[in-house]
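Note that numbering that gives the first Met the number 0 has the sequence shown beginning at 0, numbered continuously upward.
One thing to keep in mind: the hints can contain errors.
[What the hints assert, rightly or not] With a Cα cut of at most 35 Å, we get these calculated DSBU-like pairs of lysine-lysine: (1) Lys115 / Lys231; (2) Lys126 / Lys231; (3) Lys61 / Lys73.
Just so you know, these hints were derived from the structure itself, not from any lab.
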Amino acid sequence: MRNLVQTMMLSLLLLSLGCQKEDTVEVRNYAEDSRILQNFVAIDKQNLAYYLNLNAKNDFLKLIPTSMINQLDKVSEEHLNRFKSEINHLNAFLKNEIRNGASYVEMNTNSDCYFKEMNTDGIRILKKNVAPTSTKLQTLAEIGNIFFYRIGEASSPEHFIGKDHINALININGPTNSISATLLCSTGTSPQGSANNPSLLVLSSMSGFYSGNFNWINSVSGDNVNWTFEGKLNTSNFSVLGYVYLTDD
Numbered sequence: 000m001r002n003l004v005q006t007m008m009l010s011l012l013l014l015s016l017g018c019q020k021e022d023t024v025e026v027r028n029y030a031e032d033s034r035i036l037q038n039f040v041a042i043d044k045q046n047l048a049y050y051l052n053l054n055a056k057n058d059f060l061k062l063i064p065t066s067m068i069n070q071l072d073k074v075s076e077e078h079l080n081r082f083k084s085e086i087n088h089l090n091a092f093l094k095n096e097i098r099n100g101a102s103y104v105e106m107n108t109n110s111d112c113y114f115k116e117m118n119t120d121g122i123r124i125l126k127k128n129v130a131p132t133s134t135k136l137q138t139l140a141e142i143g144n145i146f147f148y149r150i151g152e153a154s155s156p157e158h159f160i161g162k163d164h165i166n167a168l169i170n171i172n173g174p175t176n177s178i179s180a181t182l183l184c185s186t187g188t189s190p191q192g193s194a195n196n197p198s199l200l201v202l203s204s205m206s207g208f209y210s211g212n213f214n215w216i217n218s219v220s221g222d223n224v225n226w227t228f229e230g231k232l233n234t235s236n237f238s239v240l241g242y243v244y245l246t247d248d
């Protein structure tokens, strides 16, 4: 009898564990789903906006890893809607900065990059496709770096003396999928006079980070140009994480 009772108890325990295993549903977090969705973000170059291309054409699908395509069906509807909301907020930021007179706009996804000149009345900015290596940076005369301040955080412009053209290697990382920031540049003969014909560079990315390399060109020739930069992050959720390394190019 004792053996029979033990056998019945063991059977009930195994049956209970089996039911629990069947009832277990795998739930992925938002970070995992967003990493998949990032591969399906495309750039509307005519309207300067990001969009989610889930019905991608064959030429676009070639840019997306097969493993990511196979995982798309596992993305939850809640996470999909949250990711779309991030895109909408980034597009609203771009639209507002363009309306306010942006000089240049940079847009990035996992598979594409687009740089647009809006107006060239201020300081010229040339996008460089290949960022300099760390070895090259060491051979140049580094003149300073700039912090990007989040919304609501007190900041002041940074002033540097350099040639009539300088190079800026920009890196921004954050805990969100979308990166949005601005970098305002002006020049003059003194810090107080650095307000002539400023150029506003608008930076954006839907890949979770931003990296770019630009050459800033002043119309004044010489080696004693006063450069003034002011960087701002379009977020109040995380601290300063972006930097600009300035060098005489």
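Please write out, lowest number first, the hints stated earlier that are contradicted by the structure. none
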